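K.L.:
Using the working numbering, the first residue of the sequence shown is number 1, and each one after it goes up by one.
If you are wondering where the hints come from, they were derived from the structure by calculation, not from laboratory data. Careful: at least some of the hints might be erroneous.
To be verified - In silico lysine to any residue, SDA-like type, Cα no more than 20 Å apart, as pairs:
no. : residue 1 : residue 2
1   : K317      : H367
2   : K71       : A36
3   : K125      : Q89
4   : K49       : V177
5   : K49       : A144
6   : K317      : T128
7   : K49       : Q156
8   : K49       : T325
9   : K49       : T33
10  : K317      : T52
11  : K125      : G181
12  : K49       : T340
13  : K317      : G181
14  : K125      : P160
15  : K71       : P160
16  : K49       : N180
17  : K125      : A166
18  : K317      : T67
19  : K125      : I179
20  : K317      : P377
21  : K125      : P105
22  : K125      : N72
23  : K49       : Q89
Keep in mind the model is a prediction, meaning the values are calculated, not measured.
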Amino acid sequence: MIIYFAFISGGSGTPTASTTTTTSTHQHTAAETFPAHSPLNPSWSGNGKAVTLGFGGDVHFEAAVATSLAKNPATALGTTIPQLFAGAQLRMVNLETVITNGTCPEPQQKPYIFDAPASAITALKNATISVTTEANDHGLDCGAQGLSQNLAISAQTGFPILGIGATSGQAFAPYRVTINGQRIVVITATQIIADNLVSTWTATPAHPGVASAIDPTQLVREVQQVRRTADTVIVYVHWGTETQACPNPQQPPLAQQLVKAGADVVVGTDAHVLLGGGYLGSAYVDYGLGNFAFYDNTPPETSSGSLILTVVGRHVKAAEFRPATILAGLPQPLTGQPATAAVQSWNAARSCTDLSATPNSTVATMHGETVPFVAPPSSATTTTTPVSGNSGTGSGSGSSTSTTTTTTAAGSHTGNSTTTTTPPAQTTTSVTDNAG
């Protein structure tokens, strides 16, 4: 098999030296040689030209931003997001809402329902966002009918929304773009789906839904598949535990699986606070980008910013965090001493991760990149998380607990809420944490 893969070529690109790694399993050591002229080689540089990538966290259109959207979609997300993404040639965020025709046709049984009208696409485009993901715990807030509307609006506007689909094939479909001659591929998925909705929200070959990574098999196999024909592979994951500033037990194993399969960049959101970022081997991982355009107004949920990465093929040459704070729902760039302190705090968050400030030897393997991934039994292990009466705090911290769900005209929607009853001192065991 090693001899066979030594001759694999993933397409045009600058030839690079083969890379040999040594792996050890049960005291058995074997040398692996990566093909020199293929993106399967961690030393791959493509055509040698740099590409700058920009990533932000959670975006929705509630409260003050909903009011701005109703007044003028073109200016609803303000002028600061382009500043935070200045220089980035690909700009991506997590869209923490459903895009519908103006009403929510099938509100789901969950604490927080977010939907926005099609005019939100205008706002995203004018904020210079290139691509978004809805592989999250709000992607099906308005049910299958809302999802259908969402997909239609994405198609009609030509604006890429990843992570949702009429089938799992569509939900996991990669976003491909060529920048400076470099082939960039983005795949998205979520580890967070409310327990009562996992079966109805998970996309399958015959069922619409979100791309789920609760079982990581399909996500990792998609990475293996695109690795052969991409210069840079990016995975954007909805993961983490709300308001927890360190990775939960599910995050590092998934990051390891994705990087071993050939991901060069792994980033994500869900905690609504900033988590640490750094290198896992030669790949770059960020465990939590926090909020970006969001109505949370209590620190640390207001801590925000953009992650700017410079890549040359599979090499992450530079990483920069541009700090911001959220005011009236929008990120405001920080300068001077507040910016310095925010960056120091962001760097300090790396201390509870398995990441480093500088790149190290690759953890990718030929086996990991080419042999179809099978999830180990521990991939679906559960964690114990406390449950409070406001379990949706991180996914929309509005205080509404009305027993009725309301819908409003396009452009004037505010977060809907449906009632759930949760004993205040209870502990639950769940792979989906406290998804709202």
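K.L.:
Run every hint past the structure and note whether it holds.
P.N.:
Against the structure, the hints:
1. K317 <-> H367: Violated. K317 to H367 sits at ~25 Å, over the 20 Å cutoff.
2. K71 <-> A36: violated, 55 Å
3. K125 <-> Q89: Given that 20 Å is the threshold and the Cα spacing comes to 14 Å, the pair holds.
4. K49 <-> V177: holds, 15 Å
5. K49 <-> A144: Measuring from Cα to Cα gives roughly 42 Å; hence the hint is violated.
6. K317 <-> T128: violated, 24 Å
7. K49 <-> Q156: violated, 33 Å
8. K49 <-> T325: Violated, at about 33 Å.
9. K49 <-> T33: Answer violated: K49 to T33 is near 25 Å, above 20 Å.
10. K317 <-> T52: holds, 10 Å
11. K125 <-> G181: The given pair, whose Cα atoms are some 23 Å apart, is violated under the 20 Å limit.
12. K49 <-> T340: Not satisfied, since the Cα-Cα distance of roughly 30 Å exceeds 20 Å.
13. K317 <-> G181: holds, 17 Å
14. K125 <-> P160: Holds. K125 to P160 sits at ~11 Å (cutoff 20 Å).
15. K71 <-> P160: violated, 24 Å
16. K49 <-> N180: Distance ~6 Å between K49 and N180 Cα, so the pair holds.
17. K125 <-> A166: violated, 24 Å
18. K317 <-> T67: Answer violated: K317 to T67 is near 40 Å, above 20 Å.
19. K125 <-> I179: Since the Cα atoms of K125 and I179 sit roughly 18 Å apart, the hinted pair holds (cutoff 20 Å).
20. K317 <-> P377: violated, 35 Å
21. K125 <-> P105: At roughly 25 Å apart (the allowed maximum being 20 Å), P105 and K125 break the hint.
22. K125 <-> N72: With a Cα-Cα distance of about 13 Å, the restraint between K125 and N72 holds, given a limit of 20 Å.
23. K49 <-> Q89: The hint holds at about 13 Å.
Hint violations for this structure: numbers 1, 2, 5, 6, 7, 8, 9, 11, 12, 15, 17, 18, 20, 21, all remaining hints satisfied.
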